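Take these sequences, add in the hints, and give me the full structure.
Heads up: the sequence shown begins at 1 in full-length UniProt numbering, then just goes up one per residue.
FYI, nobody ran anything at the bench for these hints, they're computed from the structure. Keep in mind the model is a prediction, meaning the values are calculated, not measured. Keep in mind that the hints are not guaranteed to be accurate.
Using C-beta positions, here's what the derived DEER-type ranges look like [to be verified]:
#1 E52 - V27: 28 to 34 Å
#2 E103 - T4: 38 to 44 Å
#3 G30 - K62: 46 to 52 Å
#4 E96 - V5: 35 to 41 Å
#5 N16 - T88: 17 to 23 Å
Derived pair list, reagent style SDA-like, types lysine to any residue, alpha-carbon separation capped at 25 Å [what the hints assert, rightly or not]:
#6 K84 - D45
#7 K10 - G63
#8 K62 - E52
#9 K62 - E81
#10 K74 - S23
#11 K74 - T87
#12 K74 - Y49
#13 K74 - K29
#14 K62 - I9
#15 K74 - M20
#16 K60 - Q6
#17 K84 - M97
#18 K29 - E52
#19 K10 - S23
#20 K10 - K29
#21 K29 - V5
#22 K60 - G77
#23 K10 - I25
#24 K10 - E59
#25 K84 - V5
#26 K60 - I73
#27 K84 - D68
Ideal placement from N, C-alpha and C gives every residue a C-beta, glycine not left out.
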Amino acid sequence: MAITVQNFIKLANLYNQMTMVMSAICVQKGGIAIENYTGRFFLADVLEYVYEYGRRLMEKNKGAVPADVAAVIKRFGEQYERVKDLTTPTQKPIYEMTLEEFERVMNI
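Here's what the structure looks like:
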């Protein structure tokens with residue numbers, strides 16, 4: 001996927017739609033707190049992907065990204081900072097992991 005403003009907007013819309021659906025599911029299941037919904041981990045991974053895409057877009061097109069798109073990227077960055085502990089860690093090969101990293105990945 002080429003890194004373009006149009007593709008970022010599509011990804012941002014996807015993330016926003018997923019957030020609305022997740023909120024509706026929580027309400028439908030009796031008002032589950034969003035912090036207790038298992039889908040929050042997947043949504044955090046999606047946010048990480050969208051934010052990273054936006055960050056690369058800003059880096060690649062310095063000064064050419066519209067201000068409103070830059071503001072959305074900044075907002076996603078702020079949201080990501082609050083949920084980055086929920087994202088799936090990038091997996092290194094086991095032989096390169098420290099014991100602490102291995103235990104965290106394996107939930108030991």
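Problem set entry | Those earlier numbered hints the structure runs against, lowest number first | Checked against the structure, the hints that fail are numbers 13, 18, 20, 21, while the rest are satisfied.
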